[in-house]
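Take the sequences, apply the hints, and build the full model.
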Amino acid sequence: MGTTLPVNNGGPFVKEVRLFGLFSNLCYVSKLSERTAVEQLTNHIKDNDLHMGLQSAYKQHYSVESALLKVRSDILLNMEAQKVTLLVLLDLSAAFDTVKHDILLQRRKTKFGVSGKALD
1 MGTTLPVNNG GPFVKEVRLF GLFSNLCYVS KLSERTAVEQ LTNHIKDNDL
51 HMGLQSAYKQ HYSVESALLK VRSDILLNME AQKVTLLVLL DLSAAFDTVK
101 HDILLQRRKT KFGVSGKALD
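Under UniProt numbering, residues 1 to 120 are what the sequence shown spells out, in order.
Everything labelled a hint here was simulated from the structure, so no lab data went into it. Any given hint could turn out to be false.
The calculated DSS-like cross-link candidates involving lysine-lysine, where the alpha carbons are at most 30 angstroms apart (straight line), are [said to hold, decoys possible]: (1) Lys109 <-> Lys31; (2) Lys111 <-> Lys100; (3) Lys59 <-> Lys31; (4) Lys70 <-> Lys59; (5) Lys83 <-> Lys31; (6) Lys46 <-> Lys117; (7) Lys83 <-> Lys100; (8) Lys46 <-> Lys109; (9) Lys117 <-> Lys100; (10) Lys59 <-> Lys117.
Restraint-style ranges between C-beta atoms, simulated for each label pair [to be verified]: (11) Phe112 <-> Leu76: 31 to 37 angstroms; (12) Thr42 <-> Leu68: 21 to 27 angstroms; (13) Leu68 <-> Val29: 37 to 43 angstroms.
Where is the CB? At the ideal position from N, CA and C, for every residue including glycine.
Below, the structure written as structure tokens:
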């Protein structure tokens with residue numbers, strides 16, 4: 001339904017194709033159906049209160065800035081209360097690739113109620 005092309009994300013000196021990123025040029029119908037699915041799932045998550053309270057990702061009106069402001073606020077409150085604050089930062093960007101697909105599908109089914117053709 002679309003064309004996938006290699007795109008040089010590394011600057012003018014990257015010559016190896018394996019280092020290029022992928023760009024997908026989806027047709028209008030694909031984009032429309034993806035947008036519809038995202039809206040339905042977002043509404044389902046919102047209506048059934050399935051978002052974690054402090055999760056900022058994928059929530060409307062929340063951003064990295066929102067998360068940083070929350071962390072800053074917590075640190076300042078702890079300082080005022082003379083408490084020690086430990087901040088542990090993890091980069092989990094590659095962790096998603098290690099998750100087993102069947103576990104992810106099962107979680108969508110049990111936690112979020114997504115089943116049937118939506119999982120195919």
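- Verify the proposed pairing of Lys111 with Lys100, using a straight-line Cα cut of 30 angstroms. Within the cut-off at roughly 16 angstroms; holds.
- Query: Has the given pair, Lys109 with Lys31, been kept, meaning a C-alpha gap of at most 30 angstroms?
  - Reply: holds, 24 angstroms
- Are Lys83 and Lys100 close enough, with their CA atoms no more than 30 angstroms apart? Measuring from Cα to Cα gives roughly 39 angstroms; hence the hint is violated.
- Item | Hint consistency between Lys59 and Lys117 [alpha-carbon to alpha-carbon, up to 30 angstroms] | Cα-Cα ~25 angstroms, so holds.
- Task: With a cut-off of 30 angstroms on the C-alpha distance, tell me whether Lys46 and Lys109 pass.
- Result: holds, 16 angstroms
- Task: Please work out if Lys59 and Lys31 have their alpha carbons no farther apart than 30 angstroms.
- Result: holds, 20 angstroms
- Query: So the hint says 37 to 43 angstroms: do the beta-carbon atoms of Leu68 and Val29 match that?
  - Reply: The hinted range 37 to 43 angstroms holds for Leu68 and Val29, with Cβ atoms some 38 angstroms apart.
- Message: Between the alpha carbons of Lys83 and Lys31, is the straight-line distance 30 angstroms or under?
- Response: Answer violated: Lys83 to Lys31 is near 49 angstroms, above 30 angstroms.
- Taking the beta carbons of Thr42 and Leu68, is their distance inside 21 to 27 angstroms? holds, 23 angstroms
- CA of Lys46 to CA of Lys117, is that 30 angstroms or under? holds, 21 angstroms
- Message: Tell me if the straight-line CA distance from Lys117 to Lys100 falls inside 30 angstroms.
- Response: Measuring from Cα to Cα gives roughly 20 angstroms; hence the hint holds.
- Query: That 31 to 37 angstroms hint for Phe112 and Leu76 (C-beta), does it hold up?
  - Reply: holds, 35 angstroms
When each numbered hint is compared with the structure, violations occur for hints 5, 7.
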